[in-house]
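Q: Got chain A; can you put chain B on it based on the hints?
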Amino acid sequence: MSPADLLAGALPVPRTAPGFLGWDPQEAVFVALALLALAAGVLVVTTRNVIHAALWLVVALGAVAGCYLLLTAEFVAWVQVLIYVGAVVVLLLFGAMLTRAPIGRSADLDSANRPAALLAAVATFGALGGLLVDGFRAAYVDLDTAPGGPAATGGAIFRYFVLPFEVASVLLLAALVGAIVLSRPDIGADRPPDGRGAP
Amino acid sequence: MHLVYPLLLAAGLFALGVYGVLARRNAVLVLMSVELMLNGANVNLVAFSVYLQDRLLGGQVFALFVIVVAAAEVGVGLAIVLLVYRNRESIDIDRVRELADVDPPEPELQR
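Residue numbers (the working numbering), protein chains in the order written: chain A, 1 to 199; chain B, 1 to 111.
Same shape as in the complex, but just chain A (with noise of 0.2 Å):
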């Protein structure tokens, strides 16, 4: 019994699942937009120039976005846009440039266990691709009823998340001190007096 029929028992409707290859408009661009992020995260992992690459991840974050619309999490969907393409990258484009990273092509960016780390991720694609195939190839999402919409995501999180939210902002406070107290030199802890890590 694989997992997608243990789950079946909770389901409130019973799913006719069409073929693989009649794709629904939705399917069809889902798997375009899936397509673009593999891509785009492809280029990430290899490019040679550390700007290009925070900008092929911009590409492959949107790219997640619109997945994110197709599966009826609107929510979602604008944070990651907010959060991800707006901040996150934005700080990472700041921490390149401050390390001073070579702005064009540089060649010393992988380091030598480069057959190791693709054979890592191949073994791991391949173990985490072929047991959810295995498990879910007959599990059918029913996005007519699916509850998503931001309505439903905001009365969710304000009415039975409260206190995570909660938690979260306090996660947010504490790194937000730490971030600070890391990177100003003249608070924190006495330096050693050998002079390093004076700026």
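Keep in mind the hints are simulated off the structure, nothing from the lab. Don't take each hint at face value.
DEER-style ranges, computed between Cβ atoms [as the list claims (entries may be wrong)]:
(1) B:Leu56 / A:Asp186: 41 to 49 Å
(2) B:Arg86 / A:Asp24: 49 to 57 Å
(3) A:Pro164 / B:Leu52: 26 to 34 Å
(4) B:Ser90 / A:Leu119: 22 to 30 Å
(5) A:Met97 / B:Leu56: 36 to 44 Å
In this text, a Cβ means the ideal position worked out from N, Cα and C, and glycines have one as well.
A: What follows is chain B alone, placed relative to chain A:
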């Protein structure tokens, strides 16, 4: 929509992140690869939330929390990277070997 497509997208993004974390030596690029892995996990969460028709939207809300935690992680991580750069003029994570068990030979630059 077949559930297999989002699941394969998630597995692919996660595997790309694994490759990037293991193969890159620039710390900023390693952080980018970690973001790819977190996005793979988020795609999984959202897909299962929709598949199970979850009235509490647990998967979507959890994906939102993952995004928040990822933002915090990138902030603190970049502060650490900047501190490492300030102390040793380099962010090659191959060369930060103080916590290594044995003293390895200096890694040669790859051509």
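Q: Evaluate each hint against the coordinates.
A: To see whether the hints hold, each was checked on the structure:
1. B:Leu56 / A:Asp186: 41 to 49 Å: Since B:Leu56 and A:Asp186 have Cβ atoms about 47 Å apart, the given range 41 to 49 Å holds.
2. B:Arg86 / A:Asp24: 49 to 57 Å: Since the Cβ atoms of B:Arg86 and A:Asp24 sit about 54 Å apart, the hinted range of 49 to 57 Å holds.
3. A:Pro164 / B:Leu52: 26 to 34 Å: violated (19 Å)
4. B:Ser90 / A:Leu119: 22 to 30 Å: Once the Cβ atoms are compared, 27 Å apart, the range 22 to 30 Å for A:Leu119 and B:Ser90 holds.
5. A:Met97 / B:Leu56: 36 to 44 Å: Distance hint for A:Met97, B:Leu56 holds at roughly 42 Å.
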